[in-house]
Amino acid sequence: MNLHTALVKIEEEKISSEKAKQFITSKKNGAESIFIGRVRNENSGKKVKAVTYDAHYQAVIKSFQSICNNAKNKFDKNAKIFLEHAKGYAPVGEISILIAVGSGHRDEAFKICRYILEEVKHQSPIWKKEHYVDGREEWLLGHSLRPKKEI
Amino acid sequence: MEIQLKLYGSSKMLNDKDTLNIQLPENSNIEKLRDILNKIISTKHSKSNLKDLSKTAAFFSEKNEVVNDNYKLKDKESISIIPPIGGG
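Those sequence lines, one after another, are chains A and B. The first sequence maps to residues 1 to 151 in the numbering used here. The second sequence maps to residues 1001 to 1088 in the numbering used here.
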């Protein structure tokens, strides 16, 4: 099995870099690239205490699998890929996304990692609501999936 | 006819529940749904940051695929509203 994708209910389970490393390790691979995104304590001058991630579960899983398979076809068909994203309430410091790639060579490993991150941001129906230290909260604006010819 | 709108992201501000039932004329399509949604936002949520939602949102059918504005809605159909996304 060369592909693992999941949405993780972050109040019940943590996203684990150890689990990701174990998944991608292979004697066939000479390079491993890992990207970890975390909830940070500031955005646009506002002090953030947590982020709630909402997601359309079925469409996210479908998009994750499509993105990862496209990445393999584009860069390295034998790559091992681990992709998990948080769902639910994640305090500052919590891992929001983890992408781990094991590949034959470093160039492909880096490229696959970057490709997956950018495509998730543009394709996967996931939303962020920031919770601020002063008690306010706000859904962040993002990328529209409405067909461009209709807008 | 009536459809059930499944709410995600910022559209959850439209209701206390995760769904919103919307009354539409017979044979309505997604374009009509956008009109009705715009009216709901203008009358009940004018102070929120939802003002562009009816234009920027995509809609998923029950097959979880984006449908275009000509898509004909059926009575009791369940449609997901997909506000602009931003994970990662």
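If you are wondering where the hints come from, they were derived from the structure by calculation, not from laboratory data. Any given hint could turn out to be false.
Chain A side only, calculated, beta carbon under 10 Å to chain B, not exhaustive [to be verified]:
1. M1
2. E11
3. E13
4. K14
5. G93
6. V120
7. H122
8. I126
9. L141
10. G142
11. H143
12. L145
13. K149
In this text, a Cβ means the ideal position worked out from N, Cα and C, and glycines have one as well.
task = Hint by hint, work out which the structure violates, then give me just those numbers in ascending order.
result = 1, 2, 3, 4, 5
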